[in-house]
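Visitor: One-letter residues, chain by chain:
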Amino acid sequence: MKTCLVVDDSKVIRKVARHILESLEFQVCEAVDGQDGVEQCETVNPDVILLDWNMPVMGGMDFLRAVRAKGQTAKVIFCTTENGLPQIEAAIAAGADEFIMKPFDRDMLQSKLELVGAA
Amino acid sequence: MNRLVPEGALSMLSDLIERNAGQVLTPDRYWRVETMLAPIMRAHALSSVDDLVAALSAGGNRLLERQTIDAMLNHETSFFRDQAAFALLTGPALSSLRESRAADRRIRIWSAACSTGQEAYSVAMSILENRRQWDGWDIEIIGSDVSTSVVEQAREGRYSQLVIQRGMPITLMLRYFAKDGEDWVAKPELRDMVRFRQHNLLDPVENRNEFDLVLCRNVIMYLLPEHRPRVFRNLARSIRPEGLLMLGAAETIMGQTDLFRSSKDYRGLYRFDADQQHLSAA
Numbered sequence: 000m001k002t003c004l005v006v007d008d009s010k011v012i013r014k015v016a017r018h019i020l021e022s023l024e025f026q027v028c029e030a031v032d033g034q035d036g037v038e039q040c041e042t043v044n045p046d047v048i049l050l051d052w053n054m055p056v057m058g059g060m061d062f063l064r065a066v067r068a069k070g071q072t073a074k075v076i077f078c079t080t081e082n083g084l085p086q087i088e089a090a091i092a093a094g095a096d097e098f099i100m101k102p103f104d105r106d107m108l109q110s111k112l113e114l115v116g117a118a
Numbered sequence: 000m001n002r003l004v005p006e007g008a009l010s011m012l013s014d015l016i017e018r019n020a021g022q023v024l025t026p027d028r029y030w031r032v033e034t035m036l037a038p039i040m041r042a043h044a045l046s047s048v049d050d051l052v053a054a055l056s057a058g059g060n061r062l063l064e065r066q067t068i069d070a071m072l073n074h075e076t077s078f079f080r081d082q083a084a085f086a087l088l089t090g091p092a093l094s095s096l097r098e099s100r101a102a103d104r105r106i107r108i109w110s111a112a113c114s115t116g117q118e119a120y121s122v123a124m125s126i127l128e129n130r131r132q133w134d135g136w137d138i139e140i141i142g143s144d145v146s147t148s149v150v151e152q153a154r155e156g157r158y159s160q161l162v163i164q165r166g167m168p169i170t171l172m173l174r175y176f177a178k179d180g181e182d183w184v185a186k187p188e189l190r191d192m193v194r195f196r197q198h199n200l201l202d203p204v205e206n207r208n209e210f211d212l213v214l215c216r217n218v219i220m221y222l223l224p225e226h227r228p229r230v231f232r233n234l235a236r237s238i239r240p241e242g243l244l245m246l247g248a249a250e251t252i253m254g255q256t257d258l259f260r261s262s263k264d265y266r267g268l269y270r271f272d273a274d275q276q277h278l279s280a281a
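So the protein lines, in turn, are chains A and B.
0 is the number of the first residue of the first sequence in numbering that gives the first Met the number 0; add one for each residue after it.
0 is the number of the first residue of the second sequence in numbering that gives the first Met the number 0; add one for each residue after it.
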């Protein structure tokens, strides 16, 4: 069973993501912001990370740079409302693998997981 | 048994899509019939499926008939649907065509039963992503569907955020689509590569030997068995002698037609069998 770490400050998004991911037979861990996510990456070894862009304490980009700097190789799917090309290019340069825009559903998330080879 | 739609109405509707599209309205879709037809009933001020069937039975209303058929057909699709198939298509299939068509550098691709156009646009994006390789080539992609309404949608190239993200890598979405309100619309560069037209696979094709590659994926399985040989015959007529046919992952030619043979090298691709050419003329 593959593991997905959901890093999002929205309880609702984490709940929706968990529901979908568990239906796709993922083991799901949750982090409430980037800092929590960095700490969880120390103990959890996720195959894929579903990552929010804007979060308090530590945002998605800072989280991404921090975990990649530590050698984290999990596939990262940004889950965001940001859809400008500059942001996306910056995120890909920092090590993101794919984007999913809110709101998302099961089919969309599944197809993004397939695109990054995590499904 | 369906509790909402009377059996007589279901039988008449089932007969309607079989006659016009060769497809079968399977019992597992019965429960959706009323939902599928609700917008049409509203538009024509009909209060029930029975009233709709009565209006259809009276005859003479081609628009109502067309809309009813369109609404009941399966239009399920997504961008880059079945990634393994797309890897086969954009790799070995197109490489093979590059070799066989090197002399005139011209390739025509048919997305048969293209629904709202995602497959045709996906092929176009795959080619645009490798544009240097195709420099100087004349490539035309045709999408067709029996449903006029989905052909119109395909032509418009407009997709909701929910639809466009199914199967579409984000970088391609941003490169080839522009945000317009809540939707994403294909940019001219992409739209110019694809043309759409209404076509029923049960009908003979306009031109023989027109296409180098025909994608007919996830369609055959919805057709009644008795209509399949006719569709394969039409596909065979449309393909050039050295051309390729691709079916859906759950579909096969086995036991259905002698006009094609499996590619020796690539599972899922079929070549027109020139030895059986006389059968396509029948």
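No wet-lab data here; the hints were simulated from the structure.
Since the model is a prediction, treat every value here as computed from it, not as a measurement.
Any given hint could be a false lead.
Claimed, not checked - Heads up, incomplete: computed chain B residues facing chain A, CB under 8 Å, no partners named:
1. His74
2. Ser77
3. Gln82
4. Ala86
5. Gly90
6. Ser159
7. Leu161
8. Arg165
9. Leu173
To be verified - Far from chain A by the CB rule (all over 10 Å, computed), these chain B residues:
10. Glu6
11. Ala54
12. Leu87
13. Arg100
14. Gln164
15. Pro168
16. Met192
17. Tyr221
18. Gly254
Heads up, the beta-carbon is just placed ideally off N, CA and C, and yes, glycines get one too.
Visitor: Now tell me, hint by hint, if it's right for this structure.
Guide: Structure-based check of all given hints:
1. His74: 14 Å, violated
2. Ser77: 7 Å, holds
3. Gln82: With Cβ-Cβ at 6 Å, under 8 Å, it holds.
4. Ala86: With a closest approach of 12 Å, the alanine 86 of chain B hint is violated.
5. Gly90: 17 Å, violated
6. Ser159: Constraint on serine 159 of chain B not satisfied, violated at 11 Å.
7. Leu161: 6 Å, holds
8. Arg165: Holds, about 5 Å.
9. Leu173: 5 Å, holds
10. Glu6: Holds, because the least Cβ-Cβ distance between glutamate 6 of chain B and chain A comes to about 32 Å, which exceeds 10 Å.
11. Ala54: Alanine 54 of chain B is indeed farther than 10 Å from all Cβ atoms of chain A, at 35 Å.
12. Leu87: 16 Å, holds
13. Arg100: 30 Å, holds
14. Gln164: 5 Å, violated
15. Pro168: 6 Å, violated
16. Met192: Methionine 192 of chain B is indeed farther than 10 Å from all Cβ atoms of chain A, at 21 Å.
17. Tyr221: 20 Å, holds
18. Gly254: Glycine 254 of chain B clear of chain A: closest Cβ-Cβ about 31 Å, beyond 10 Å.
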